[in-house]
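Student: Each chain, written out:
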Amino acid sequence: MDFRKMPVLMKEQKENGKKDQYIEITKVLTEATDRVQARKEKLELLEALIGTLENMDFQIYELYRALADCFKKVLKELLTEYSSLEAAEKQTVSEAVKRACAIRILLEEKYEAYIL
Amino acid sequence: MELKILMKSARSVTIELVDGGLYHTLEPYQLFLNDAPAKEATQVITSVFGLKPETDYTLVVKTLEGKEMARTTFTTAYEFVTVNVKDFGAKGDGVSDDTKFIQAAILSCPKNSRVLVPAGTYKITSLFLKSNLNLELAKGAELLADTERSSYPMLPALIESYDETDEYNLGTWEGNPLPMFAGIITGIEVENVLIYGEGTINGNASKENWWKNPKVMVGAFRPRLFFINHCNQITLQGVTCCNSPSWTLHPYFSNDLKFYNLTVKNPSDSPNTDGLDPESCKNVEIAGVKFSLGDDCIAVKSGKIYMGKKHKTPSENIHIRQCLMENGHGAVTIGSEMAGGVINLVVEDCLFSHTDRGLRIKTRRGRGKDAVIDNVIFKNIKMDHVMTPFVVNSFYFCDPDGKTSYVQSREKMPVDDRTPYIKSLIFEDIDAKNCHVAAAHFDGLPEQKIDEIVMRNVTVSYAKNPKCDVPAMSEGVEKCSLKGIFANNVKKLTLDHVTINGCVGEAVELLGVDELVQ
Chain A
1 MDFRKMPVLM KEQKENGKKD QYIEITKVLT EATDRVQARK EKLELLEALI GTLENMDFQI
61 YELYRALADC FKKVLKELLT EYSSLEAAEK QTVSEAVKRA CAIRILLEEK YEAYIL
Chain B
1 MELKILMKSA RSVTIELVDG GLYHTLEPYQ LFLNDAPAKE ATQVITSVFG LKPETDYTLV
61 VKTLEGKEMA RTTFTTAYEF VTVNVKDFGA KGDGVSDDTK FIQAAILSCP KNSRVLVPAG
121 TYKITSLFLK SNLNLELAKG AELLADTERS SYPMLPALIE SYDETDEYNL GTWEGNPLPM
181 FAGIITGIEV ENVLIYGEGT INGNASKENW WKNPKVMVGA FRPRLFFINH CNQITLQGVT
241 CCNSPSWTLH PYFSNDLKFY NLTVKNPSDS PNTDGLDPES CKNVEIAGVK FSLGDDCIAV
301 KSGKIYMGKK HKTPSENIHI RQCLMENGHG AVTIGSEMAG GVINLVVEDC LFSHTDRGLR
361 IKTRRGRGKD AVIDNVIFKN IKMDHVMTPF VVNSFYFCDP DGKTSYVQSR EKMPVDDRTP
421 YIKSLIFEDI DAKNCHVAAA HFDGLPEQKI DEIVMRNVTV SYAKNPKCDV PAMSEGVEKC
481 SLKGIFANNV KKLTLDHVTI NGCVGEAVEL LGVDELVQ
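Protein chains in written order, with our numbering: chain A, 1 to 116; chain B, 1 to 518.
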């Protein structure tokens, strides 16, 4: 499955009050985190991760936490090359950081410099 | 008759009368302190309050007819000052919010002193404990909890460290780090606390407030009546706890705990109102406690997958004795959140009455390789109208993801990091009368069988009009009544002087039992 579809799938789970796809969604995104190398894909993955987390019920905490850890890993990889990112790419990072701070996945005071 | 002093403070003493009785003594008795009548009682373990500091006492036990049965002497402990909450502004009128006045008294109390809550009804939200505290709830004193959510502080689930290498866990719900409202009594990293007396902590919960839509998180998860997190040397003595919003007494990652002579009561239909749930706790003694409530009387836990894997902190050295468990789902339960393991649990000299199950182990695939249950001993227990006295369920489905095919499959799965392990369970000298559903239901995993179950001197008989229900909550287990012992996926099962009187069908049904010793 394409990791880019996971936020939509998670949103459907939320709207239907279901959790039967949680394990599969987590698997797709964690595998993508291990696999993705290209910058463009990493940015897409970052968006997919935060979009999924925003709609995820944290009561199955181990899965929620696994995705939160994936988000941080991908973000940190992108931040190591932050100075070379283009403006649009920085904007994508900024949006993701902002959303992650809002759901307390990131400490805002530590990442506020990346919020444009 | 042997008379033991279990604990004493400056103002109280808890004693145990060993006469062969379980929870109740064989005969009622009266206590005299320095020749003055102190109380009449019928419990093996009882407490006397209203003592004076640094005073010598002679305690005499007499029959109601006046015959002396036993005596002992003791000296109460030193006390510096009494800090009376009324002197701090508390009204105790049941209307005014007394939280800040009592909290101020607690924070102002010096070492070796007591905070006294005299008779009265004190409306409160959350009170936070501090170290080196003696908090007395006097006879007639009631801490009556507010039920307005917005009045309660919240405990965040996890706060990440600034360097992002660690985290600080405050809130918890059913084994996961999740936000919760602070407990009505809360202790965070405190030690050497005694809460005692004849007073009451009333959670004031009802179906109009906390028990309405109980599984839905509104702002945060429901508060516990008593919640301690990373605390040491905490003792509760004598008090009554009732109408808890959720689990009543919840010690969490805390050690050296004593619960003596308490009464824990919640309505039998109240949701998730477990009595006492030690979670990742070590050295816990629970003695002379009466439970009557709506869920498990005692549930020993150690977190769900994340907490179990991260902290690897089992609940261990838990000793439960001389307790009365009434009306709960399980009298003593392990799990279902037990990913850190449960080791050395001894339950002895207890009465279980009208609970759905006696021992109840709830686990399932996914709990992890640290989810090891070992050295669980039940001995000298009488059960009456317990639906199924012994239940070990490795396929427990009451979880958000408990009904997945991975959890519920009866096929052999690979043993991996997700597989829980049940080692040794021993049941000795147990008399279970008026059972309804089944004598025992032991259901292990095919890939990781239960190592050993010993049943020695166990007698089971059935009710005349038995109820029909499921012995365990897992898929494929049908409702039934009057069943005998069912054992599935057990390496070694010992049935030594086990008597099953009046079951329908086979007294013993075995599947996947490698060795049977009779």
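Honestly, the hints are just simulated from the structure, not real lab data.
Hints may be right or wrong, so weigh each one.
[To be verified] Cut-off 30 Å, straight-line C-alpha distance, at most; resulting in silico cross-link-like pairs (DSS-like, lysine-lysine):
hint, chain 1, residue 1, chain 2, residue 2
1, A, Lys-14, B, Lys-309
2, B, Lys-290, A, Lys-110
3, B, Lys-309, A, Lys-11
4, A, Lys-19, B, Lys-412
5, B, Lys-39, A, Lys-18
6, B, Lys-369, A, Lys-27
7, B, Lys-130, B, Lys-111
8, B, Lys-207, A, Lys-19
9, A, Lys-76, B, Lys-312
10, B, Lys-8, B, Lys-39
11, A, Lys-72, B, Lys-369
12, A, Lys-11, B, Lys-310
13, B, Lys-207, A, Lys-18
14, B, Lys-100, B, Lys-62
15, B, Lys-467, B, Lys-212
16, B, Lys-290, A, Lys-19
17, A, Lys-14, B, Lys-403
18, B, Lys-309, A, Lys-27
19, A, Lys-76, B, Lys-130
20, B, Lys-369, A, Lys-18
21, B, Lys-111, A, Lys-19
22, A, Lys-72, B, Lys-412
23, A, Lys-18, B, Lys-215
24, A, Lys-72, B, Lys-309
25, B, Lys-379, B, Lys-467
26, A, Lys-76, A, Lys-90
27, A, Lys-73, B, Lys-309
28, A, Lys-19, B, Lys-433
29, B, Lys-290, A, Lys-18
30, B, Lys-52, B, Lys-290
31, B, Lys-412, A, Lys-27
32, B, Lys-433, B, Lys-369
33, A, Lys-11, B, Lys-215
34, A, Lys-18, B, Lys-412
35, B, Lys-309, A, Lys-76
36, A, Lys-90, A, Lys-18
37, B, Lys-310, A, Lys-19
38, B, Lys-433, B, Lys-464
Student: Each of the hints needs a verdict: does it hold here or not?
Tutor: Here is how each hint holds up against the structure:
{"no.": "1", "hint": "A:Lys-14 / B:Lys-309", "result": "holds (27 Å)"}
{"no.": "2", "hint": "B:Lys-290 / A:Lys-110", "result": "violated (50 Å)"}
{"no.": "3", "hint": "B:Lys-309 / A:Lys-11", "result": "holds (28 Å)"}
{"no.": "4", "hint": "A:Lys-19 / B:Lys-412", "result": "holds (25 Å)"}
{"no.": "5", "hint": "B:Lys-39 / A:Lys-18", "result": "violated (57 Å)"}
{"no.": "6", "hint": "B:Lys-369 / A:Lys-27", "result": "holds (20 Å)"}
{"no.": "7", "hint": "B:Lys-130 / B:Lys-111", "result": "holds (10 Å)"}
{"no.": "8", "hint": "B:Lys-207 / A:Lys-19", "result": "holds (27 Å)"}
{"no.": "9", "hint": "A:Lys-76 / B:Lys-312", "result": "holds (28 Å)"}
{"no.": "10", "hint": "B:Lys-8 / B:Lys-39", "result": "holds (17 Å)"}
{"no.": "11", "hint": "A:Lys-72 / B:Lys-369", "result": "holds (27 Å)"}
{"no.": "12", "hint": "A:Lys-11 / B:Lys-310", "result": "holds (29 Å)"}
{"no.": "13", "hint": "B:Lys-207 / A:Lys-18", "result": "holds (26 Å)"}
{"no.": "14", "hint": "B:Lys-100 / B:Lys-62", "result": "violated (44 Å)"}
{"no.": "15", "hint": "B:Lys-467 / B:Lys-212", "result": "holds (28 Å)"}
{"no.": "16", "hint": "B:Lys-290 / A:Lys-19", "result": "violated (39 Å)"}
{"no.": "17", "hint": "A:Lys-14 / B:Lys-403", "result": "holds (18 Å)"}
{"no.": "18", "hint": "B:Lys-309 / A:Lys-27", "result": "holds (19 Å)"}
{"no.": "19", "hint": "A:Lys-76 / B:Lys-130", "result": "violated (40 Å)"}
{"no.": "20", "hint": "B:Lys-369 / A:Lys-18", "result": "holds (28 Å)"}
{"no.": "21", "hint": "B:Lys-111 / A:Lys-19", "result": "violated (51 Å)"}
{"no.": "22", "hint": "A:Lys-72 / B:Lys-412", "result": "violated (36 Å)"}
{"no.": "23", "hint": "A:Lys-18 / B:Lys-215", "result": "holds (15 Å)"}
{"no.": "24", "hint": "A:Lys-72 / B:Lys-309", "result": "holds (20 Å)"}
{"no.": "25", "hint": "B:Lys-379 / B:Lys-467", "result": "holds (26 Å)"}
{"no.": "26", "hint": "A:Lys-76 / A:Lys-90", "result": "holds (13 Å)"}
{"no.": "27", "hint": "A:Lys-73 / B:Lys-309", "result": "holds (20 Å)"}
{"no.": "28", "hint": "A:Lys-19 / B:Lys-433", "result": "violated (42 Å)"}
{"no.": "29", "hint": "B:Lys-290 / A:Lys-18", "result": "violated (39 Å)"}
{"no.": "30", "hint": "B:Lys-52 / B:Lys-290", "result": "holds (27 Å)"}
{"no.": "31", "hint": "B:Lys-412 / A:Lys-27", "result": "holds (23 Å)"}
{"no.": "32", "hint": "B:Lys-433 / B:Lys-369", "result": "violated (37 Å)"}
{"no.": "33", "hint": "A:Lys-11 / B:Lys-215", "result": "holds (21 Å)"}
{"no.": "34", "hint": "A:Lys-18 / B:Lys-412", "result": "holds (27 Å)"}
{"no.": "35", "hint": "B:Lys-309 / A:Lys-76", "result": "holds (24 Å)"}
{"no.": "36", "hint": "A:Lys-90 / A:Lys-18", "result": "violated (34 Å)"}
{"no.": "37", "hint": "B:Lys-310 / A:Lys-19", "result": "holds (24 Å)"}
{"no.": "38", "hint": "B:Lys-433 / B:Lys-464", "result": "holds (11 Å)"}
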